[in-house]
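A.B. asks: Here the protein sequences come in this chain order: U and D.
According to my numbering, the stretch in the first sequence is residues 1 to 118, in order.
According to my numbering, the stretch in the second sequence is residues 1001 to 1151, in order.
Don't read these hints as lab results, they were simulated from the structure.
Warning: the hint list may mix true and false statements.
[Stated by the list, open to error] A partial selection of chain D residues facing chain U, derived with a Cβ cut-off under 8 Å:
| # | residue |
| --- | --- |
| 1 | 1016 |
| 2 | 1019 |
| 3 | 1020 |
| 4 | 1021 |
| 5 | 1026 |
| 6 | 1031 |
| 7 | 1047 |
| 8 | 1061 |
| 9 | 1065 |
| 10 | 1083 |
| 11 | 1101 |
| 12 | 1109 |
| 13 | 1115 |
| 14 | 1122 |
| 15 | 1128 |
| 16 | 1129 |
Backbone N, C-alpha and C define an ideal beta-carbon position, used for all residues, glycine too.
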Amino acid sequence: MDDLQRKDYPQARVIRLNMGRLTASSAAKVLARVRAAGEGAPALIVDLSEVEFMDSTAIGELVVLTRRLREAGQPYCLAELRPPLMSLARLMRLERALAFCDSVDTALASFAKPAPQG
Amino acid sequence: MSVDGMSAASLESCHELRLEIDSRLECVTPLGICLHALAKQLGFDDMNAYQIQTCCVEAINNAIIHAYAGEPGHPVRVHWQTQGDELIIEIQDRGRAMTTPPPEHEPAPDAENGRGWWIMRQWMDSAEYRDRGELHGVRLRRRIDGLGNRA
């Protein structure tokens, strides 16, 4: 099975990381591939449900990914973080810097909403 | 090493373990898994074992990335011990010592790096840098509280 699984919907592309760990040894390369795999999609949802462990280097690489997606004007969110990883995200106040969604379905629904008028 | 296969009794009578890896980031994951299992065997729940594992991984990463500048072929040692109601973990290297004290401030949410020491200080009872000449590293302490866990 590919370690990045891609699924397209009309409003977004979901990329699931099929790996248990996102760490200093792999994060930069993996997230560069995520970004490349998301190019051209109306929005990007990164499904982290399979990731059990993440270190601070990986968090830094998620910040880099976020910055580049925002610069490119591409909506995105990180979905389905496991409770330990969400506790790490809260500890680092990452909700202020990154975009999180509870689930892929929630993210798909939010990206499907029409843009506000005016 | 089969940590999961150890009986509780064998670990109760073993208060000290030393583990060593080569200074390569790909060696950190299996060591982190061992440390998680050791924390579980002490009675920590999944969340607390995860916190201890994460703090150790941060210190080990620092040793490889900063002390050894990412160069393989050097030892990174973990000295795991229990003393009374306290777990003490020392992560040691023989690389370049820190020349400035570890940062104490909370990193900005959008910082690209500099989170390791903050995580260690928040999730352990203490995290201190120790420079003992050629050998230096991080000492992490965490109360065991009679096999209990943090709220």
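A.B. asks: Hold the hint about residue 1020 of chain D up to the distance rule: shortest CB distance to chain U must be less than 8 Å.
C.D. replies: violated, 18 Å
A.B. asks: At a threshold of 8 Å, is the proposed contact between residue 1061 of chain D and chain U supported by beta-carbon distances?
C.D. replies: Holds. Min distance 5 Å.
A.B. asks: With 8 Å as the cut and Cβ atoms as the points, is residue 1065 of chain D at the interface with chain U?
C.D. replies: holds, 7 Å
A.B. asks: Go through the hint on residue 1083 of chain D and say holds or violated, using the shortest Cβ distance to chain U against 8 Å.
C.D. replies: Hint violated; residue 1083 of chain D Cβ to chain U Cβ min 27 Å, cut 8 Å.
A.B. asks: Restraint: residue 1019 of chain D near chain U, CB-CB cut 8 Å. Satisfied or not?
C.D. replies: violated, 18 Å
A.B. asks: The hint names residue 1109 of chain D as touching chain U; please verify it with the least Cβ-Cβ distance against 8 Å.
C.D. replies: Because about 4 Å separates residue 1109 of chain D from the closest Cβ in chain U, which is inside the 8 Å limit, the hint holds.
A.B. asks: Quick check on residue 1101 of chain D please, does its C-beta sit within 8 Å of some C-beta on chain U?
C.D. replies: violated, 19 Å
A.B. asks: So, as I understand it, the hint says residue 1047 of chain D touches chain U; can you test that by seeing if any CB pair is closer than 8 Å?
C.D. replies: holds, 6 Å
A.B. asks: Hey, does the residue 1115 of chain D contact hint survive, CB to chain U under 8 Å?
C.D. replies: holds, 4 Å
A.B. asks: Go through the hint on residue 1021 of chain D and say holds or violated, using the shortest Cβ distance to chain U against 8 Å.
C.D. replies: violated, 12 Å
A.B. asks: Quick check on residue 1128 of chain D please, does its C-beta sit within 8 Å of some C-beta on chain U?
C.D. replies: violated, 18 Å
A.B. asks: Please check whether residue 1122 of chain D passes as an interface residue: C-beta within 8 Å of a C-beta belonging to chain U.
C.D. replies: holds, 6 Å
Comparing the model with each numbered hint stated earlier shows that hints 1, 2, 3, 4, 6, 10, 11, 15 and 16 do not hold.
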